[in-house]
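2 protein chains.
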Amino acid sequence: MIRLYASEMSGNAHKVRMALAFLGFAWDERATDAAARQSDAFRAINPMAQIPAYVEDDFVLRDSQAILAFLAARHRPGEWDGHSPEERGAIMVWLSHSANEIFNGPALLRAERLFGWSVDTARAQAVTDRILPIVEAHLAARDWLVGDRLTIADLAASPYLALAPDGGIDLEQWPAIRDWTRRIAALPDFPAMPGWPAEGGA
Amino acid sequence: MIRLYASEMSGNAHKVRMALAFLGFAWDERATDAAARQSDAFRAINPMAQIPAYVEDDFVLRDSQAILAFLAARHRPGEWDGHSPEERGAIMVWLSHSANEIFNGPALLRAERLFGWSVDTARAQAVTDRILPIVEAHLAARDWLVGDRLTIADLAASPYLALAPDGGIDLEQWPAIRDWTRRIAALPDFPAMPGWPAEGGA
Chain A
21 MIRLYASEMS
31 GNAHKVRMAL
41 AFLGFAWDER
51 ATDAAARQSD
61 AFRAINPMAQ
71 IPAYVEDDFV
81 LRDSQAILAF
91 LAARHRPGEW
101 DGHSPEERGA
111 IMVWLSHSAN
121 EIFNGPALLR
131 AERLFGWSVD
141 TARAQAVTDR
151 ILPIVEAHLA
161 ARDWLVGDRL
171 TIADLAASPY
181 LALAPDGGID
191 LEQWPAIRDW
201 TRRIAALPDF
211 PAMPGWPAEG
221 GA
Chain B
21 MIRLYASEMS
31 GNAHKVRMAL
41 AFLGFAWDER
51 ATDAAARQSD
61 AFRAINPMAQ
71 IPAYVEDDFV
81 LRDSQAILAF
91 LAARHRPGEW
101 DGHSPEERGA
111 IMVWLSHSAN
121 EIFNGPALLR
131 AERLFGWSVD
141 TARAQAVTDR
151 ILPIVEAHLA
161 ARDWLVGDRL
171 TIADLAASPY
181 LALAPDGGID
191 LEQWPAIRDW
201 TRRIAALPDF
211 PAMPGWPAEG
221 GA
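Heads up: the sequence lines are chains A and B, in that order. Here the first sequence is numbered in the numbering used here, starting from 21 and rising by one per residue. Here the second sequence is numbered in the numbering used here, starting from 21 and rising by one per residue.
What the hints contain is simulated information worked out from the structure, not anything from laboratory work. The beta-carbon is built from N, C-alpha and C at its ideal position, and this holds for glycine as well. Treat the hints with care, since some could be wrong.
To be verified - Just some of the chain B residues that point at chain A, by a computed CB distance under 7 Å:
#1 M21
#2 R63
#3 P67
#4 L81
Unchecked claim - Facing chain A, from chain B, some residues (calculated, C-beta under 8 Å):
#5 I22
#6 R23
#7 L24
#8 A64
#9 M68
#10 Q85
#11 A93
#12 R96
#13 P105
#14 G109
#15 F123
#16 A146
What the hints assert, rightly or not - Negatives, chain A to chain B, calculated, CB over 10 Å:
#17 R23
#18 L24
#19 A89
#20 F90
#21 G102
#22 P105
#23 E106
#24 G109
#25 M112
#26 D140
#27 R150
#28 D163
#29 P185
#30 E219
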C-alpha cells in the first residue's frame, strides 16, 4: 500500500496526488501538519521535515519532483519521463524550474497569504516576474510543456501556477498558462483541490 | 561538436564540464559574461539568460541539472541516472536540492562575496544552515550520494558545496562533505577550477 504524507492545501503534495490518480492507484493519505512534520517520527521519514513523503513497503522517498521521477520510471517510462535523452533533458528543465523558481516565486507568495509564512515578498515577486513570461511564451505554441502529451514536467510545474491566484497573481494576464492548467484539470481522474479548478472560472 | 556557454567561475557550468570531462569528450567552451547573457542572441539559446547552455547541432538545452540528465540518459544510462526507478528517484532528490537549496544557500553566499550579487544574506544563510546538516548526515555513512558509484547526483550537488569556502563556509566543520568533494576531485580526468581543489588543502 502506498502511504503519502501530505496536506490538503499543499501544491507539492498535489503533484503526487495527480500522478497517483492518473495512474489509477489507491493510496493512504496521512494529513501531516506543520507540527507533525517536526516530529522525530516524521524526520526519520524526511529529514527535511517537508511534505510530500512517499512510503511503499520499505521504500521511502522525499521531494515532490523525485517522487514524480520514481513513479514515471516505474509506471510510465518514456511516456512520462521522456522517450529520448533529448526529451529527458527537456523534462528536467521544468523539474528544475518547479524546484526553484516556481516554488520560490508563486508558491511562496501564496504561502505568505494563505499560511502566514515569513517570506521575502520582493524577492518572491521578482522570481515570479522572471519565470511567468518564460512559461507563458513556452506554452503559447503548445498544449504540453514537453512533447504532445502529459509528462511529469506538467505534473511538477502546474499546481503552483494553477494556484497562483491564491498569491495575488491574475492568470487572466497569462492566458496560455491559464488554458494549460484548465487542460490538465479536464483530464480524466484529475483530483480537484481547493483553488484548482478555480471557482466559477473552471 | 558540443558547444558550452559557460564562465570559468560558474559552479553550474562546472557541473557540465565535469560530466563532459569524465565522458572523455571535447567541447567548445564559450565564455559568456553577464552582459553577453542579456543579449538577444543568447536569449534565443536560453530565455532565462543564464549559463550553462548546451548546444549540439540543432539541439539546445538550458539548466545544469537538465544537461546532466540528458548526458546521463544518452551516454551513461543506468550508471549515472539510476539502475532502477528507486535509484532514479533517489538521484532526483539531489537534483532538486541542487536546483533549490544548494543554489539558494551556499551558491548565493559565494556569488555575493565573489561577484557582488544582491543577495538576501540572512535567507541564504538560513537555507545553507538547513541543507548542510542534511548532506553531512547523508554522506557520513557513504562515499557517494546514491549507490556505490558516481552519479549525476554527485555531479549536480558537489560544485557549490566544494566552493562553499568562497562564501565564508568552513568545510572543516563538515568533514563528510569535505572528504566527498576531495573524492570527486581525485577522480581521473577531473577538471580543476579556481577554488576546487582547495589551495593547499587538496
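Status of each hint after checking the structure:
1. For B/M21, the suggested interface contact is broken, since its CB lies about 17 Å from the closest CB of chain A, more than 7 Å.
2. Among the interface hints, the one on B/R63 is violated; its C-beta lies about 10 Å from the nearest C-beta in chain A, farther than the 7 Å criterion.
3. Interface hint at B/P67: satisfied, since its Cβ lies 5 Å from the closest Cβ of chain A, which is below the 7 Å cut-off.
4. The beta carbon of B/L81 is positioned within 7 Å of a beta carbon in chain A (closest approach about 5 Å), and the interface hint is therefore held.
5. Hint status for B/I22 relative to chain A: violated, with the closest Cβ pair at about 13 Å, above 8 Å.
6. Interface hint status for B/R23: violated, as the beta-carbon distance to the closest one in chain A is roughly 15 Å, over 8 Å.
7. The interface hint given for B/L24 is violated, since its Cβ lies 14 Å from the closest Cβ of chain A, which is over the 8 Å cut-off.
8. Taking 8 Å as the C-beta cut-off, the interface hint given for B/A64 is violated, the closest approach to chain A being about 12 Å.
9. With 8 Å as the threshold, the beta carbon of B/M68 comes within range of chain A, its nearest partner Cβ sitting at about 6 Å, so the hint holds.
10. For B/Q85, the interface hint holds, the least distance from its beta-carbon to any beta-carbon of chain A being 5 Å, beneath 8 Å.
11. Against a cut-off of 8 Å between C-beta atoms, the interface hint on B/A93 holds, since the closest Cβ of chain A lies about 4 Å away.
12. With a least beta-carbon distance of about 10 Å to chain A, the hint placing B/R96 at the interface is violated under the 8 Å criterion.
13. Residue-level restraint check for B/P105 holds (minimum Cβ-Cβ distance to chain A is 4 Å; threshold 8 Å).
14. Taking 8 Å as the C-beta contact cut-off toward chain A, the hint placing B/G109 at the interface holds, the least distance being around 3 Å.
15. Look at B/F123: its Cβ gets to within about 7 Å of chain A, closer than 8 Å, so that hint holds up.
16. Restraint check, B/A146 versus chain A: the minimum CB separation of about 10 Å is more than 8 Å; hint violated.
17. At roughly 15 Å, the least C-beta separation between A/R23 and chain B is larger than 10 Å, which holds for a residue marked as non-interface.
18. With a least CB separation of 14 Å from chain B, A/L24 remains clear of the 10 Å interface cut-off, as annotated.
19. The non-interface label for A/A89 is inconsistent with chain B: the shortest C-beta to C-beta separation is roughly 4 Å, within 10 Å.
20. Not every C-beta of chain B lies more than 10 Å from that of A/F90, the closest at about 3 Å, which undercuts listing it as non-interface.
21. For A/G102, the condition that its CB be more than 10 Å from all CB atoms of chain B is violated, with the nearest at approximately 7 Å.
22. For A/P105, the non-interface assignment is contradicted: its Cβ lies about 4 Å from the closest Cβ of chain B, within the 10 Å cut-off.
23. Chain B draws A/E106 into its interface by the beta-carbon criterion, the shortest separation being 6 Å against a cut-off of 10 Å.
24. Non-interface call for A/G109 relative to chain B: violated, since the shortest CB-CB distance, roughly 3 Å, does not exceed 10 Å.
25. For A/M112, the shortest C-beta to C-beta distance to chain B comes to about 4 Å, within the 10 Å cut-off, and the non-interface label is violated.
26. Non-interface call for A/D140 relative to chain B: violated, since the shortest CB-CB distance, roughly 5 Å, does not exceed 10 Å.
27. Some Cβ of chain B comes within 10 Å of the Cβ of A/R150; the nearest lies about 8 Å off, and the non-interface call is violated.
28. Chain B leaves A/D163 outside its interface by the beta-carbon criterion, the shortest separation being 19 Å against a cut-off of 10 Å.
29. Consistency note on A/P185: stated as away from chain B, and its beta-carbon is indeed over 10 Å from all of that chain's, at 23 Å minimum.
30. Every CB of chain B is more than 10 Å from the CB of A/E219 (nearest about 31 Å), matching its label as outside the interface.
Checked against the numbered hints above, the structure violates hints 1, 2, 5, 6, 7, 8, 12, 16, 19, 20, 21, 22, 23, 24, 25, 26 and 27; every other hint is satisfied.
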